[in-house]
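Protein chains: 2
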Amino acid sequence: MSTQVDIQELAQVAPKGCLPKELVSNTAFLLARVGVAIKLAAADELEKLGCGLYDYGVLATLGEGTQETQAAVADALGLDRSMLVGILDSLEENGLVERKRDPNDRRRHTVSITTKGKRRLVELREVTSEIEQTFLEPLDERTRKQLHEALLRIACAYDPRYVVGAGK
Amino acid sequence: MSTQVDIQELAQVAPKGCLPKELVSNTAFLLARVGVAIKLAAADELEKLGCGLYDYGVLATLGEGTQETQAAVADALGLDRSMLVGILDSLEENGLVERKRDPNDRRRHTVSITTKGKRRLVELREVTSEIEQTFLEPLDERTRKQLHEALLRIACAYDPRYVVGAGK
DNA sequence: TATTGTTATACTCTATAACTATA
DNA sequence: TATAGTTATAGAGTATAACAATA
Numbered sequence: 241m242s243t244q245v246d247i248q249e250l251a252q253v254a255p256k257g258c259l260p261k262e263l264v265s266n267t268a269f270l271l272a273r274v275g276v277a278i279k280l281a282a283a284d285e286l287e288k289l290g291c292g293l294y295d296y297g298v299l300a301t302l303g304e305g306t307q308e309t310q311a312a313v314a315d316a317l318g319l320d321r322s323m324l325v326g327i328l329d330s331l332e333e334n335g336l337v338e339r340k341r342d343p344n345d346r347r348r349h350t351v352s353i354t355t356k357g358k359r360r361l362v363e364l365r366e367v368t369s370e371i372e373q374t375f376l377e378p379l380d381e382r383t384r385k386q387l388h389e390a391l392l393r394i395a396c397a398y399d400p401r402y403v404v405g406a407g408k
Numbered sequence: 241m242s243t244q245v246d247i248q249e250l251a252q253v254a255p256k257g258c259l260p261k262e263l264v265s266n267t268a269f270l271l272a273r274v275g276v277a278i279k280l281a282a283a284d285e286l287e288k289l290g291c292g293l294y295d296y297g298v299l300a301t302l303g304e305g306t307q308e309t310q311a312a313v314a315d316a317l318g319l320d321r322s323m324l325v326g327i328l329d330s331l332e333e334n335g336l337v338e339r340k341r342d343p344n345d346r347r348r349h350t351v352s353i354t355t356k357g358k359r360r361l362v363e364l365r366e367v368t369s370e371i372e373q374t375f376l377e378p379l380d381e382r383t384r385k386q387l388h389e390a391l392l393r394i395a396c397a398y399d400p401r402y403v404v405g406a407g408k
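As given, the protein sequences belong to chains W and L, one line each in that order.
This note's numbering puts the first residue of the first sequence at 241, with every later residue one more than the last.
This note's numbering puts the first residue of the second sequence at 241, with every later residue one more than the last.
For the record, the hints were derived by calculation from the structure and aren't laboratory data.
Fair warning: this is a prediction, and the values are worked out from it, not measured in the lab.
Among these hints, one or two may not hold up.
As the list makes no split between identical chains, a pair holds if one copy fits it or if it spans any two.
Mimicking SDA-like on lysine to any residue, the simulated pairs with C-alpha atoms at most 20 Å apart in a straight line are [unchecked claim]:
1. Lys-261 / Ala-312
2. Lys-261 / Asp-315
3. Lys-261 / Gly-305
4. Lys-385 / Thr-350
Taking the hints into account, I'd like the entire structure generated from these sequences.
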């Protein structure tokens, strides 16, 4: 039957373990797939160093900011405040972070990065840079910049927390 | 108290809920964030139609390919074969897909998309296109093409299943 | 013995809600 | 009453392993 033939011809064009063209041609699909792959890769690499996925983000936030309150850190990263507790617990256990009660409002904790935490931040920065390099390897410098700018625009459009970072 | 003042001044430079520049300047970080956001948005939209996240992918695979075996579909999409069972169960219950034993190898199931499934595929295609449009809205046509090409290169570099789709 | 599809299990991640201590 | 941090609970999602039928 002719149907059979058509189907087999198609099978040659689209080899067995191959994603449907329809999906691959959808930029949002690619974005989701690549994004999730990067997240998983990052989680793996960070775990090798005994770190959770968000440790780097938290340390980076504390490294740039002033003494922050837990709520401020959570909001900055888009994490629920309850999630931050466990992350800070482990960071504090490892001496990377300090929690102090705010004397002006004893409900609050002032969180700050320690010297040891800053050293760890440098390490994590290197690891995450390597992950970035690995994934961007197939792109030339110019294309990387275009990609970064496009992503930043997309991110800013649905989440204003990205906006300020655009400066540098 | 001066402490109070300092904090408020800083809050203007780096507004409260603002991501650290270090993270925003990392393309891999942006990629992961945007990618996950898209995945979540897609899951939401598809759920409104009573669909799981992978229903579209499975239907699209069946829509393009020949009669496929379950293993082939799973491999094409990068899903575990055990995960596909539940997905196909619900698709079959809704009459979107048919499973038949392969008479030549009775271990195998030949999966095919039904007429109703094809109609549903058209709907899901529209929904996912809308999601794509929403996220890409801040980009002009040229930038969108650059973005797509860059993502495709990245994806191909770590997963050969994307390669063939590059054609169109 | 190896493979296909299936089922069962367990584990990670995260979202939600309840709780405390302060305000 | 409301808020910051904490704790506890529950749910989604998925990875793993065991299983039955067939090769």
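Hint check:
1. Proximity of Lys-261 to Ala-312 under the C-alpha cut-off of 20 Å is restricted to the inter-copy arrangement: shortest distance 16 Å between copies versus 43 Å within a copy.
2. In this assembly of identical chains, the alpha carbons of Lys-261 and Asp-315 lie at most 20 Å apart only when taken from different copies (15 Å versus 39 Å within one copy).
3. For the homomeric pair Lys-261 and Gly-305, the shortest alpha-carbon distance between copies (10 Å) is at most 20 Å, but the shortest distance inside one copy (45 Å) is not.
4. Taking the closest pair of Cα atoms, Lys-385 and Thr-350 never come within 20 Å of each other, the shortest separation being 37 Å inside a single copy and 46 Å across copies.
Of the numbered hints listed earlier, the single one contradicted by the structure is hint 4.
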